[in-house]
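From first to last, the protein sequence lines are chains A and B.
Position 32 (the first sequence) corresponds to 32 in our numbering; numbering is contiguous.
Position 189 (the second sequence) corresponds to 320 in our numbering; numbering is contiguous.
Calculated from the structure, these hints are not laboratory results.
Backbone N, C-alpha and C fix where the C-beta goes; we use that ideal spot for every residue, glycine too.
Hints should not be assumed to be uniformly reliable.
Unchecked claim - Some chain B residues well away from chain A (every beta-carbon gap over 10 angstroms; in silico):
no. : residue
1   : Glu216
2   : Phe281
3   : Phe286
4   : Leu295
5   : Tyr299
6   : Leu300
7   : Arg303
8   : Ile306
9   : Ala358
10  : Asp404
11  : Gln437
Said to hold, decoys possible - Interface residues of chain A toward chain B, partial, derived using beta-carbon atoms under 8 angstroms:
no. : residue
12  : Asp14
13  : Gln17
14  : Leu21
15  : Thr22
16  : Tyr29
17  : Phe32
18  : Arg44
19  : Asp95
20  : Leu98
21  : Leu102
22  : Val115
23  : Val117
24  : Leu118
25  : Ala120
26  : Thr121
27  : Ile127
Stated by the list, open to error - Ranges of calculated distance between the beta carbons of each label pair, as one might list FRET restraints:
no. : chain 1 : residue 1 : chain 2 : residue 2 : range
28  : B       : Arg152    : A       : Ser48     : 47 to 53 angstroms
29  : A       : Glu116    : B       : Asp236    : 51 to 57 angstroms
30  : B       : Ala363    : A       : Pro30     : 21 to 27 angstroms
31  : A       : Leu47     : B       : Asn157    : 31 to 37 angstroms
32  : A       : Arg126    : B       : Ile143    : 22 to 28 angstroms
33  : B       : Glu368    : A       : Ala92     : 48 to 54 angstroms
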Amino acid sequence: MAEVTMIARPAREDTRQALVLTEDRLGHYPEFRAFFVRTFDLDRVRLSEPGFVRAPSGMAYALVFVGRSGEPFPAGLEIHAIVDALEPLDDAVVDKDLWAILGWMIGGVGAPWTVEVLQATGQLYRIPACT
Amino acid sequence: MTADALEGIEGIRDKWPFVARYARVNGWRMHYVDEGAGDPILLLHGNPSWGFLYRDVIPPLVKSGRRVIVPDMIGFGLSEKPAREHAHSLDGHIANLTALVRQLDLQRLMVVCHDWGGPTGLGFAMSNPNRVRALTVMSTWAWPTPPAEFHTRLFPWRTMHAPLVGPYLLGRHNILARRGVYLSVVGRDKFRREAQAAYEAVLPDPETRLLTWVWPRWIPLDETARARARFAWLEAELAKSKLPTLIIWGREDEVFDAATFAERFKRLIPHADGPHMVTGRHFLQEDSGPEIAALIAGFLDRLDQQGVE
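Let's have the full structure, built from the sequences with the hints guiding it.
See below:
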């Protein structure tokens, strides 16, 4: 899988955030929530700003963390592509980027979760981004 | 979503000629079919299917002199599809079904359960035994330990519905309806030719597929699972149940394999009839619809002959 890198907040001028993936239950397996808390220093940052990554296409994505009363933070996560304000998304590009972000996440979560198993699962179900 | 979603599927009127009916249940709009007259039979589907799964079961049961009611679970088929994960819970789905049965005032019910139609249908039956005459279980479970070794594996099950991976694979790519069902039938070419489109058509957009990754997350894998207490209650109630019960299983079912699951139901409900083995993997109705109908009708005929109320 191509590399995903953490970046500082990209310039906002003439861009919009386009919602491309939503997770309501980030802590279904708690180690996934722990990965994001660790990676984006969320115990300190809390809701003050999203996390930002750059995906293999070169496009930036905002990871918007969602709080929910009575649940550990973050309860959910939205991934937004940061795109030219008036231009439509290239869905195929976004799909490949999301697949790379998932691989980056799984690699960061660590054992027993592995990128190899994610790849095998994608191949079993014939996901275009992993073929 | 309405039955219009099915327009454009070749031959759909022949395969699914039933009148679409809707009821407001527990706050949601539920689609169901209601065919025939006589003692009622409730046919319950699971993930990611809908009433269409029973298309070859309905006509012979109607012909046998029974009323057949087939609801689409809230979140599937032609029923309303809540947009948020928190709208779904096992107890809530049991309540949805209870609301429909009470609205239709169904009595002397045969409740036929498959996949998540098992925990919901059996949950309804155990909490409303005065409305139920008999049970049928097929490729399902009703106890708090992981249903199958398959469900504990990272590949592919737990990875498939992991945080963010679930919304991507099951939401964006609809892998259960596009590939999962196909992999879980015996006659794959026939399935692809005759049925695949009807399963995909009712899950057209990622948001409509929410329950396909929410249900897997409700399967209890350990002591902390949300539905563990409900499944423990269900197992205890079934162990006490005297309801006539029929067990039907797919011979080729490798996820809910008969040696483990059908036999466990037999131990839990020793008076149950079966297990009767038919051709089929997990979605056995796709391969053996008429045979399943014949087993259910025959079982009910015997109850009638024995004067079982």
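Hint check:
1. Glu216: Its Cβ does come within 10 angstroms of chain A, the nearest being 4 angstroms, so this is violated.
2. Phe281: 13 angstroms, holds
3. Phe286: 5 angstroms, violated
4. Leu295: With a cut-off of 10 angstroms, Leu295 (chain B) comes too close to chain A, as the shortest Cβ separation is near 5 angstroms.
5. Tyr299: 6 angstroms, violated
6. Leu300: 6 angstroms, violated
7. Arg303: Arg303 (chain B) not clear of chain A: closest Cβ-Cβ about 7 angstroms, inside 10 angstroms.
8. Ile306: For Ile306 (chain B), whose nearest Cβ neighbour in chain A is about 4 angstroms away, the distance does not exceed 10 angstroms, so it is violated.
9. Ala358: 13 angstroms, holds
10. Asp404: 37 angstroms, holds
11. Gln437: Correct as stated: the minimum Cβ-Cβ distance to chain A is 47 angstroms, above 10 angstroms.
12. Asp14: At 27 angstroms from the nearest chain B Cβ, Asp14 (chain A) fails the 8 angstroms test, so the hint is violated.
13. Gln17: 17 angstroms, violated
14. Leu21: 6 angstroms, holds
15. Thr22: 6 angstroms, holds
16. Tyr29: With a minimum Cβ separation of about 6 angstroms from chain B (threshold 8 angstroms), the hint on Tyr29 (chain A) holds.
17. Phe32: 4 angstroms, holds
18. Arg44: 22 angstroms, violated
19. Asp95: 7 angstroms, holds
20. Leu98: 6 angstroms, holds
21. Leu102: Result: holds, 6 angstroms to nearest chain B Cβ.
22. Val115: With a minimum Cβ separation of about 10 angstroms from chain B (threshold 8 angstroms), the hint on Val115 (chain A) is violated.
23. Val117: 5 angstroms, holds
24. Leu118: 6 angstroms, holds
25. Ala120: 6 angstroms, holds
26. Thr121: For Thr121 (chain A), the interface hint holds, since the closest Cβ of chain B sits about 4 angstroms away, which is under 8 angstroms.
27. Ile127: The hint holds - Ile127 (chain A) has a Cβ within 8 angstroms of chain B, the shortest such distance being about 6 angstroms.
28. B:Arg152 to A:Ser48: 47 to 53 angstroms: 51 angstroms, holds
29. A:Glu116 to B:Asp236: 51 to 57 angstroms: 55 angstroms, holds
30. B:Ala363 to A:Pro30: 21 to 27 angstroms: 23 angstroms, holds
31. A:Leu47 to B:Asn157: 31 to 37 angstroms: Between Leu47 (chain A) and Asn157 (chain B), where Cβ atoms are some 33 angstroms apart, the hint holds.
32. A:Arg126 to B:Ile143: 22 to 28 angstroms: Roughly 25 angstroms apart at Cβ, these two residues keep to the hinted range, so it holds.
33. B:Glu368 to A:Ala92: 48 to 54 angstroms: 50 angstroms, holds
When held up to the earlier numbered hints, the structure conflicts with 1, 3, 4, 5, 6, 7, 8, 12, 13, 18 and 22 and fits the remainder.
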